[in-house]
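> Numbered according to the UniProt record's numbering, the sequence shown terminates at residue 156, and the numbering increases by one at each position without gaps.
Quick caveat, the hints were computed from the structure, so don't treat them as lab data.
Beta carbons are placed, not taken as given, at the ideal position from N, Cα and C, and that holds for glycine.
There could be a bad hint or two in this list.
[Stated by the list, open to error] Here are the simulated DSBU-like cross-link-like pairs (lysine-lysine), alpha carbons at most 35 Å apart as the crow flies:
| # | residue 1 | residue 2 |
| --- | --- | --- |
| 1 | 41 | 30 |
| 2 | 41 | 52 |
| 3 | 52 | 30 |
[As the list claims (entries may be wrong)] Computed spacing ranges between beta-carbons, pair by pair:
| # | residue 1 | residue 2 | range |
| --- | --- | --- | --- |
| 4 | 65 | 8 | 19 to 29 Å |
| 5 | 75 | 52 | 42 to 52 Å |
| 6 | 87 | 48 | 27 to 37 Å |
| 7 | 156 | 82 | 17 to 27 Å |
| 8 | 155 | 24 | 14 to 24 Å |
| 9 | 27 | 69 | 25 to 35 Å |
| 10 | 156 | 49 | 44 to 54 Å |
| 11 | 88 | 125 | 48 to 58 Å |
| 12 | 83 | 2 | 24 to 34 Å |
| 13 | 152 | 61 | 15 to 25 Å |
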Amino acid sequence: LILYSHGRTPPLNPPPDLRYDLRSIPNPPKSARDAHDGRSKRLREHLLREPKFVQKLDEVENEILDAMEVRFMEIAEELENDRRAVGEEYRENNEDGHISSDHEQVGEDEHDSAEAVLRVGCNCALGHHRSVAFVEELVTRQWPRDWSVQIVHRDV
Numbered sequence: 001l002i003l004y005s006h007g008r009t010p011p012l013n014p015p016p017d018l019r020y021d022l023r024s025i026p027n028p029p030k031s032a033r034d035a036h037d038g039r040s041k042r043l044r045e046h047l048l049r050e051p052k053f054v055q056k057l058d059e060v061e062n063e064i065l066d067a068m069e070v071r072f073m074e075i076a077e078e079l080e081n082d083r084r085a086v087g088e089e090y091r092e093n094n095e096d097g098h099i100s101s102d103h104e105q106v107g108e109d110e111h112d113s114a115e116a117v118l119r120v121g122c123n124c125a126l127g128h129h130r131s132v133a134f135v136e137e138l139v140t141r142q143w144p145r146d147w148s149v150q151i152v153h154r155d156v
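Generate coordinates for the entire structure from the input sequences, incorporating the hints supplied.
See below:
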């Protein structure tokens, strides 16, 4: 899981799988924005008192969990199809009296293709306050232990 905070432009490359525009969430006071960016605990505490911010956190957390579940099912299906293809190839080659060494290569590639990566882009106007705070709070949610969760603040 890779969580990106960024300003509205330019777009992220590669594009995120899920995108969230946080510009509808009220900005913290100018004095707080001038003194802090979204990594600041003070600025995040201000935003956590904003019901729209907390509601959006809950919504995005659920959408990420749903998207990852779909991603895991797709990977499981892909691995099963690969396993079947290798088995069929093995049987065909055995009927001919020789065994292809290609099946070993597929087994090695299975591990690489089994990694699910979900990119989540969170943007606000400049990518310094709301999106950064949002990603900083999102990473503290209770994600499954076997997930690797990374943060990228593009514009800070």
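> Each hint: holds or not?
Tested hints:
no.	hint	result
1	41 / 30	holds, 16 Å
2	41 / 52	holds, 18 Å
3	52 / 30	holds, 19 Å
4	65 / 8: 19 to 29 Å	holds, 26 Å
5	75 / 52: 42 to 52 Å	violated, 34 Å
6	87 / 48: 27 to 37 Å	violated, 53 Å
7	156 / 82: 17 to 27 Å	violated, 41 Å
8	155 / 24: 14 to 24 Å	holds, 19 Å
9	27 / 69: 25 to 35 Å	holds, 34 Å
10	156 / 49: 44 to 54 Å	violated, 22 Å
11	88 / 125: 48 to 58 Å	holds, 54 Å
12	83 / 2: 24 to 34 Å	holds, 28 Å
13	152 / 61: 15 to 25 Å	holds, 18 Å
In the structure shown, a violation is registered for the earlier hints numbered 5, 6, 7, 10, in ascending order.
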